[in-house]
Each structure stands twice: as C-alpha cells, then as structure tokens.
Amino acid sequence: MQKTPFLMTTISACADRILGFVSEGQRERDPADTHKPNGQVSPKMVNVPKARRTYCKGQQCKKHTPHKVSQYKTGKASTAAQGKRRYDRKQKGYGGQTKPVFHKKAKTTKKVVLRLECTVCKFRSHMALKRCKHFELGGDRKTKGAALVF
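Anchor point for the sequence shown: position 144 equals 144 in full-length UniProt numbering, and the numbering is continuous, going up by one each time.
Just so you know, the hints here were simulated from the structure itself, not pulled from any lab data. Some hints could be false.
Said to hold, decoys possible - Computed cross-link-like contacts, DSS-like style, restricted to lysine-lysine with a CA-CA straight-line distance of at most 25 angstroms:
#: 1; residue 1: Lys-105; residue 2: Lys-44
#: 2; residue 1: Lys-73; residue 2: Lys-44
#: 3; residue 1: Lys-133; residue 2: Lys-50
#: 4; residue 1: Lys-44; residue 2: Lys-133
#: 5; residue 1: Lys-105; residue 2: Lys-76
#: 6; residue 1: Lys-133; residue 2: Lys-144
Said to hold, decoys possible - Beta-carbon label-pair distances, calculated as ranges:
#: 7; residue 1: Met-127; residue 2: Gln-59; range: 18 to 24 angstroms
#: 8; residue 1: Thr-54; residue 2: Gln-97; range: 43 to 49 angstroms
#: 9; residue 1: Lys-84; residue 2: Lys-107; range: 21 to 27 angstroms
Nothing here was measured: the structure is a model prediction, and the numbers come from that model. Positions of the beta carbon are idealized from the N, C-alpha and C atoms, including for glycine.
Kindly produce the complete structure, drawing on both the sequences and the hints.
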C-alpha cells in the first residue's frame, strides 16, 4: 500500500467536503433536520392522544388511572408582580429603555408541556416533552402499510 503525505489527505478531504462528496461512513444531512451535538435528531411532528393511562400523585389515587391530556399554555403576566411594578417605575419619565432587551434568540422551537388531569380525583400535573417543530393533540393515527398522502 502506498503512503500518501498528510497534507495531501487533508487537502483531498477538504476538497471532497467543498464539492459535496460524502464518504461512505457519513450520512447526508437534511437541512430541515434539527441536529443535536450528540447526533440525535429532534422530531418534526409529534402526535399525542387526548387520553392516557398514567400514574396519579393525588392524595386519593396514588395509582395508575386514566388522565385527560391537554396542552399547557402560559398565563397572562400579572401587572401586580413586584418585578413588573419595579420595571414600570424605572421606565417612567425621560431616559429611554432602562433595561437590556434580549435579542440573541438561539432556539427555533419550544418544549411542549402536557397538562394531565386525572379523571377520578381531578388532580392536575404537568409533563414536559422534547422539542419539536409541530405538535398535534389527538390527531389521526398512522396505519401500517398505508400510502403517503400529500
């Protein structure tokens, strides 16, 4: 086997990368995929059923019971909160914006939070899912061997 100098191998590897050739060991990247550093791919679409049987931590139950599933939404921010009152007082008068406004947004998705309500004792709990681009609650289930519909 003929040895090639180190410089030649690095140049050819760079040229392959620039020209778009992919070696056998590498997987071609899909720009729509959101890649994590450890190689996992976050799902684009998640479909969750509207009811599930899971453990209830309520005082009456403390066992697996059917739960009603809904998506958690953040409530309206209170104007009576101490931080908001302080911010409004600081913003009053002349001087423009007094606190830094966040611009360096890095994330393209949010984590979906499910609100589980026990049908027996009405105890509510939250469950966070992984990040996903599209979330569907109680959508149509996939059928095996069905043709793709666009």
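Hints, verified against the model:
no.	hint	in the structure
1	Lys-105 / Lys-44	holds, 20 angstroms
2	Lys-73 / Lys-44	holds, 20 angstroms
3	Lys-133 / Lys-50	holds, 19 angstroms
4	Lys-44 / Lys-133	holds, 5 angstroms
5	Lys-105 / Lys-76	holds, 22 angstroms
6	Lys-133 / Lys-144	holds, 24 angstroms
7	Met-127 / Gln-59: 18 to 24 angstroms	holds, 19 angstroms
8	Thr-54 / Gln-97: 43 to 49 angstroms	holds, 46 angstroms
9	Lys-84 / Lys-107: 21 to 27 angstroms	holds, 24 angstroms
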